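Visitor: For reference, the chains in residue letters:
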Amino acid sequence: MTYLFQIFNGIGIGMLYFLLAVGLSVIFGLLQFVNFAHGAFYLLGAYFTYDLVERGYSFWVAMPLAAIMVMALAALTEIVLLRRIYKLPHTFHILVTVGLALIIQEMTIIVWGPLGGNVPPPEGLNGVIIVGDFIYPEYRLFVIAFTAVLAVGLWWVLEGTRIGAIVRAGSESSENTALLGYNTLRINSAVFGLGAGLAGLAGALAAPIRGVEPFMGLEALGIAFVVVVIGGMGSYTGALLAGILVGVTQSVMASLWPEGARLMIYLGMALVIVAMPRGLLGRA
Amino acid sequence: MINRRRLLQSGAIAGASLLLPGLAGRAFSASEAITVGIPVPISGPFAANGKFASLGGILAAEEASREFGRQVKTLDLDTEGKPATAVRKVQDAFDNNGIKLYAGGILSSESLAMGKEALRRNGVFITTAGADEITGTDCNAATFRWSVPTYGAIEQTVRPLVDMLPDAKRWYTITPQYVFGDGLLNVAKDIFKEKGIEHVGNSYHSLTEKEFSGYLTNAIAARPDVLLILNFGSQSSDTLRQAVSFGLKNRMTILVAWASGLEQFEALGPDICEGVYFGAQYWHGVDTPGNQALVKSVRERFDLTPNYSLAGSYILTKLLVDAAVKAGSIDGDKVAAELRGKTYEGLTGEETIRAQDNQVIKDYYLLKGKAKKDMADKDDFAEIVSQGKSFLSPEDAGCKMG
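Going down the list, the sequences are from chains A and B.
The opening position of the first sequence corresponds to residue 1 in the UniProt record's numbering, with each subsequent residue numbered one higher.
The opening position of the second sequence corresponds to residue 1 in the UniProt record's numbering, with each subsequent residue numbered one higher.
Hints in this document: simulated from the structure, not taken from any laboratory.
All values derive from a computational prediction rather than experimental measurement.
Using N, Cα and C, we set each Cβ at its ideal position, and we do this for glycine too.
Just to be clear, a hint being listed does not mean it is correct.
Reference excerpt, derived from the structure (chain B facing chain A, CB under 8 Å, subset only) [to be verified]: (1) P45; (2) T208; (3) T217; (4) D238; (5) A337.
With a straight-line cut-off of 25 Å between C-alpha atoms, the simulated SDA-like cross-links for lysine to any residue are [as the list claims (entries may be wrong)]: (6) B:K373 with A:P89; (7) B:K210 with A:L88; (8) B:K342 with B:A33.
All chains should be modelled from the sequences, with the hints used to inform the complete structure.
Guide: As structure tokens, this is what we get:
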């Protein structure tokens, strides 16, 4: 029975990992751009939420507002800085985005200090659900449901709408998309903003679970890359599948072999790289 | 809290830097300056601890300057929390600044490395780091430790709580899997055995773990009366935060055996800390003359309440400077000789530096988090439930000074 609980708990963790990683995957899919600042946008989302809640705003206001603020900041960063290095080799992408991540992290310390902080779950979701021996926080249930709805909505936008078709076309061939009269620069900025905004939203949602501290972006970046590599770079459904797989693995391993929980995640990633270099659902 | 954050954010106060050539190997004159190196992480994940430690060193130096009528300064050495960096910074300070007195080392790994370097170069190093080896199997003549090791931390938290909760017979532990965690766990197991407590389970986790819900699900399934959290720093905060979100506070007693103190309470907030038991090396509410004087000084000088990092660094620096002045030298062997066996009125009351292993014998505290409505001020997060001294003998700790 404990394993059933762990699987359910793992799905909850995995949905948050999906939200964290899907932005990274979408950005890579469209722009072929490796964004090492993705964890820093997650960090900003968490801290914006923390700051707004500390100022007395409701979590329900703070959460979307934080995601929008991160999205706007990321789009601006793309316009001012990142679009200038798309055509350069990946090593430049890594150098610039690692630098950007460090700047954001240090700015976070300057603005909010080196100590962490706590974001209480919103009123009405600060209790627990009890089913027999199983106890689960209401807020985590909300995160699962919210992320599931968001995942379906995002999938519909990307697969079922004209905007999604343009984005997908851009990821196949930006030149041809431009020839059809679409402003690919604007599309790139919007997609980068969306991807980073999703990381910001993940940070906002994670804040009541994990609290905030200046180095939380590093851990998030590591998890995001694991999920994207397992799921397949640029694959939306791959990110969803891999997020849940990683979450369930982490949770079930807490019962089977607790000290190896992290190890198994990275071992799984290594196996996928060896056996399926494009990831579980990556495109050829 | 605002003042504390603002102060750290400004970065306005850092350790003084000066060159101090020509002091090695001789007595100093009454007018010569004394410099104490403060090797602590000023950057990286433990930067907050290091910055508070820097303030503690500065305060002790300022007080010593006034008391002894000579210039006493500190020099911050950013170890970044890395043993290799720490040793390099200490070597540079020996070579370029002539510093032989060092008070710092937040992390055990860096402290062990710096203590060996101090011994090699006839310096003296005193630390608040936690690993048993520092005054145990890896003890040396130049290394001193103020904080209580794992044995005392468990003896002064688990044992009193067992006595306070006679019906709590089932305990579950969450432990980081490395030497520190195992040290705490083994002492706890001995007490469980002695007291007839059923240890209903333990979850080991890695040092990089941030998600504890899986371990908490295990703990819930084991139906314990007490959840004993044996990790520290941000991991203990994450564990406790998630345990509270899973409603465990209402179903069992929670004890964090090795808490960081005030900075951890600030980060978690009173809603999470209320009713939770914490083990602590220092608490600003300790009712001793030494601590009351420190609290007053820190509030006047920095407009904040001292936490463990600040208080620890303060007492380490004070001990070193007092010993150096009394010895009339900064040579490690002479300063160490003054320190060894010394009994003094410290922050926790009467403290003694045990001569056989250079371990300070002092109190460890069991705190209980207060409800927000019961807090007298913004820092009054907890009350002291019990306190006392518990230490292995130098022989049992494995110290062979040689």
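Visitor: Holds or violated: T217 of chain B as interface residue toward chain A, Cβ cutoff 8 Å?
Guide: OK, holds: T217 of chain B within 8 Å of chain A, min 5 Å.
Visitor: Do the alpha carbons of K373 of chain B and P89 of chain A lie within 25 Å of each other, as the hint requires?
Guide: violated, 58 Å
Visitor: Restraint: T208 of chain B near chain A, CB-CB cut 8 Å. Satisfied or not?
Guide: Cβ of T208 of chain B sits 6 Å from chain A, so the hint holds.
Visitor: Any CB of chain A closer than 8 Å to the CB of D238 of chain B?
Guide: Nearest chain A Cβ about 7 Å off; hint holds.
Visitor: Does A337 of chain B meet its interface restraint, that is, does its C-beta lie within less than 8 Å of any C-beta in chain A?
Guide: At about 38 Å, which exceeds the 8 Å cut-off, the nearest Cβ of chain A leaves the hint on A337 of chain B violated.
Visitor: If you draw a straight line from the CA of K342 of chain B to the CA of A33 of chain B, is it 25 Å or shorter?
Guide: Holds, at roughly 24 Å.
Visitor: Between the alpha carbons of K210 of chain B and L88 of chain A, is the straight-line distance 25 Å or under?
Guide: Not OK: K210 of chain B and L88 of chain A at ~35 Å, beyond 25 Å, violated.
Visitor: Under 8 Å, Cβ to Cβ, is where P45 of chain B needs to be relative to chain A, so tell me if that hint holds or is violated.
Guide: holds, 5 Å
Checked against the numbered hints given earlier, this structure breaks hints 5, 6 and 7; the rest are met.
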